[in-house]
Amino acid sequence: MTEFERLSAIEEIKQLKARYFRCMDTKDWAGMVDVYAPDAEADFRAESPDGFVKGAAQIVAYTRGSIATVTTVHHGHMPEITVLSADEAVGVWAMEDLLYWPEGEGITRADGTRISRLHGFGHYHETYRVHGGRWRIQTLRLTRLRVEVG
Amino acid sequence: MTEFERLSAIEEIKQLKARYFRCMDTKDWAGMVDVYAPDAEADFRAESPDGFVKGAAQIVAYTRGSIATVTTVHHGHMPEITVLSADEAVGVWAMEDLLYWPEGEGITRADGTRISRLHGFGHYHETYRVHGGRWRIQTLRLTRLRVEVG
Amino acid sequence: MTEFERLSAIEEIKQLKARYFRCMDTKDWAGMVDVYAPDAEADFRAESPDGFVKGAAQIVAYTRGSIATVTTVHHGHMPEITVLSADEAVGVWAMEDLLYWPEGEGITRADGTRISRLHGFGHYHETYRVHGGRWRIQTLRLTRLRVEVG
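Those protein sequence lines, which keep their order, are chains U, Z and V.
Residue 9 in our numbering is what sits at position 2 of the first sequence, and the numbering runs on without skipping anything.
Residue 15 in our numbering is what sits at position 8 of the second sequence, and the numbering runs on without skipping anything.
Residue 40 in our numbering is what sits at position 33 of the third sequence, and the numbering runs on without skipping anything.
Calculated from the structure, these hints are not laboratory results.
As the structure is a computational prediction, the values presented were derived from the model and not from experiment.
Cβ pair distances, simulated, as ranges: (1) Lys34(V) x Ser55(U): 22 to 28 Å; (2) Val154(U) x Arg121(V): 21 to 27 Å; (3) Thr120(V) x Arg124(Z): 17 to 23 Å; (4) Arg153(V) x Val154(Z): 14 to 20 Å; (5) Asp50(U) x Arg151(V): 32 to 38 Å.
Backbone N, C-alpha and C fix where the C-beta goes; we use that ideal spot for every residue, glycine too.
Please put together the full structure from these sequences, using the hints given.
Structure (structure tokens):
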């Protein structure tokens, strides 16, 4: 691929990840399915032991089950995207997320603490593939620098 | 337009929005006027019922009246910019803002609460036009995911 | 240089700064040396009176001495990168940082207050040069909009 095609792919992948965040925070689940490859794999085990999910529809169902009633803010920063070929790329993103559970809801963590608010920081480690003529997330793994809860 | 001109326009629009944020937070009001088209429209009604303003100078006067004495931090994230033609584009940005009013100042909200600190999250929905050979913000509308006050 | 080379340089500089942040927060000190030109200068005097440091290795030693045991989150936003020639560029980045000192550690500030947590906002003002075929940070200066401590 040409250097120009490489730059164009990087911009497309940035907009792909932007849709990922916007669909998550506006609860646009149909839009969310579309950011993943059909056979995508998401690894959220930094969050929860059962957080390894396969398949675009399954990943979105998992996400929806976790945050459908939660006000969420997810932001990505500082992408390092490497295009490997015309249909393969890898990337790292810094991230920050805020979750506000509704009154009376919340989650119980492994250590027994009950939380209704979470503010976290970490990185997404991702791979991308072209499916159906568009870049999509093929694999996603979240690592954490810090999580604050309340 | 060519794919190359499209990428170039996207980068210029990103830098335009970067100037918007930098001028706001460093109180560079002259620089701020320059980011808007002369007949721009800004819709901040998610913030305040009177927040619909027309005209670059009027928008900056409105902003200045709201935050001239306030320490502000505004960050934009994850742009989705679509170039429609050589002089028209649309975009969505995730955003986060922090406002710290000086001691003794602050604002009274519609529900009567007095606040001296605000931490908000949302999206800018924007259109861009080329005026005088440069991309500028033609319309801007802010929507909110969450606002925390103190 | 061509407009295309300019866009390509901007993307490379964005990924350079992304490595800067990722290496800092994951404590990858070898990677961190590599983001600076050998004769780079960093001006952190907004943080500390002794914060003017020359030389890539010295800057990283200074940073390491400041935060090796501290959980840190640094994010950059909204770059305004201007490429001046094939090997010179300037840029401004908005930034946000969080520092969490371990239990029992922390720092004493000039005014005598003891802090174990810092949340700051500001801008990086930078220049870049090509050294050894890659863009690197030549000079870096941090200015602050606001610092919250706890």
